[in-house]
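Residue numbers (this note's numbering), protein chains in the order written: chain U, 36 to 194; chain B, 36 to 194; chain V, 36 to 194; chain Z, 36 to 194.
One thing to keep in mind: the hints can contain errors.
One copy or two, either will do: identical chains are not told apart, so a pair holds if it fits within one copy or between any two.
[Claimed, not checked] Capping the alpha-carbon separation at 30 Å, the derived lysine-lysine pairs in DSS-like fashion look like this: (1) K178 / K88; (2) K178 / K145; (3) K168 / K145.
In case anyone wonders, no lab produced these hints; they're calculated from the structure.
Protein chains: 4
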Amino acid sequence: MTYDGTERQAAYLTQQARQIVGEVSLGEFSWPVRVYYEDTDAGGIVYYANYLKFCERARTEWLRALGVEQDGWLDEKIGFVVRHVSLDLRAPARFNDFLTVTVVPTRIRKVSIECVQEVRNVNGQVLCVAEVKAACVNLATMKPVAIPGPIIEVLGRGS
Amino acid sequence: MTYDGTERQAAYLTQQARQIVGEVSLGEFSWPVRVYYEDTDAGGIVYYANYLKFCERARTEWLRALGVEQDGWLDEKIGFVVRHVSLDLRAPARFNDFLTVTVVPTRIRKVSIECVQEVRNVNGQVLCVAEVKAACVNLATMKPVAIPGPIIEVLGRGS
Amino acid sequence: MTYDGTERQAAYLTQQARQIVGEVSLGEFSWPVRVYYEDTDAGGIVYYANYLKFCERARTEWLRALGVEQDGWLDEKIGFVVRHVSLDLRAPARFNDFLTVTVVPTRIRKVSIECVQEVRNVNGQVLCVAEVKAACVNLATMKPVAIPGPIIEVLGRGS
Amino acid sequence: MTYDGTERQAAYLTQQARQIVGEVSLGEFSWPVRVYYEDTDAGGIVYYANYLKFCERARTEWLRALGVEQDGWLDEKIGFVVRHVSLDLRAPARFNDFLTVTVVPTRIRKVSIECVQEVRNVNGQVLCVAEVKAACVNLATMKPVAIPGPIIEVLGRGS
């Protein structure tokens, strides 16, 4: 079996890749999210709790872009746990929509970090705004711990 | 094949049923939620976005207990869409925990409803508090519409 | 604030509880599952991967009914991991449907267990059939281990 | 606020983009999937039902690469519904893993399509194999309908 769609796919993906890289130049971190069936509900729109997943993907990729890989910290039982979320849902996203999720850190403390995140559609319309506060904890005890030095260092540089 | 565990199961379920019915007598609606693997994450705790699912299950059952079956309204393209959520995560739940989710309506307007919900563990400890504002919309247009009379009537009685 | 819907709710829940207990008498384990918005997709039906969640809830409750609480085993890094699933999707379930999920063990071996599960609607129509093989593993190493004696004992009695 | 991580992120994303485009040259469609917390469970691994989500994302992107956008068809109440899945889970994926999901169509009929999909880790190890049969249905009636001409045409070219 051969695959004739290769060139079309390559062109598509290159375009998508450019779009991703291009969006970095805006001075805020953003991450693309495509809406699949798994994200929608019988109302025909993205199930609202799933915006929290989209936001977390963007935060994870923001940290990765800053050089922080969280799996190493998970092995040491160190993780960020969300303590508070405020979610403002302004307009619905639908199946197949191509969304952009931003991350702007607003407050970095010894044991916690706060950020504002927006979910936008391809027209730049803001569909959802999330304010998230995450604490650094020891996952074995669930007690707050100081954000590790290597992370706090890049957070300071990235904000 | 026979099933010898029947009596044990019947005893368990009767106990669970009593617990459910019993909790109604407290004067607030509450709904039991068991934590399964699907609800947890690699941090060993309930993934925080899933508390929104638990809260919605409780709101759905609260409406059902008041006599409102939402599938009929969905057929008429009328549904409640969450507009704002504030989620305060105080302590983690874990796999196999048996939780109780409460619903207390705090404000009922022409096109929206607000409520406060708590997620508690078996010791009564409050793990999570959610403030939820949901609007009644025409799902075809996503425009706000007045909450249908039959619903507003029972909401008025139930609050 | 008072809650006038209490009696209606109590009646509903008692009925539901009887339904649960009653279904045990059929000689197979079954567990009720209500379909919420979280379970559906934009096609208007239950998202197919979610049947696997429903099936796992039923297996968990089947083990619990037999006296096996899995969280204790999780603490010892012992867990069941699904190795193979065959899922036959015959008819769709929709928002607000009340489903019944059955568990019939078909093969119990030293390190694995196989069962057949059906998802039925309130009319008894079979919507989905799942064949599931789960292995007992050490979650730290992910290597197969013998199913612990206390579990194998009740499985033997329950099948 | 400025964002100093831009160059690092751009380099990362370009690399990721190359990886995506590069993998097309193998003659099979593949789609990258990053494992986030949302995908894992308390066993520390990807929750098995979530592989079905990963596989569907890849099928959706495979169709998109072939020029098929499913949201237009959804508006006409035409959609693909999974009828049968066989899932073989060989090794676990973990938080933060970077996976590749392949799509190879094996049988294209008038009203259904079958494909084999693999989920691989960065070392090329096959973690999971899925055989999926999806039927084209009228979502209003859930009855099978012929796959629309424009779709069947590109499927024929792409396989």
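Do the hints match the structure? See the list:
In this assembly of identical chains, K178 and K88 lie within 30 Å of each other by CA distance both inside one copy and across copies; the values are 24 Å within and 26 Å between. In this homomeric assembly, K178 and K145 come within 30 Å of each other (Cα to Cα) only inside a single copy, at 14 Å, whereas the closest approach across copies is 39 Å. Within a single copy, K168 and K145 get their C-alpha atoms as close as 13 Å, which meets the 30 Å cut-off; across copies the closest is 33 Å, which misses it.
The structure agrees with every numbered hint stated previously.
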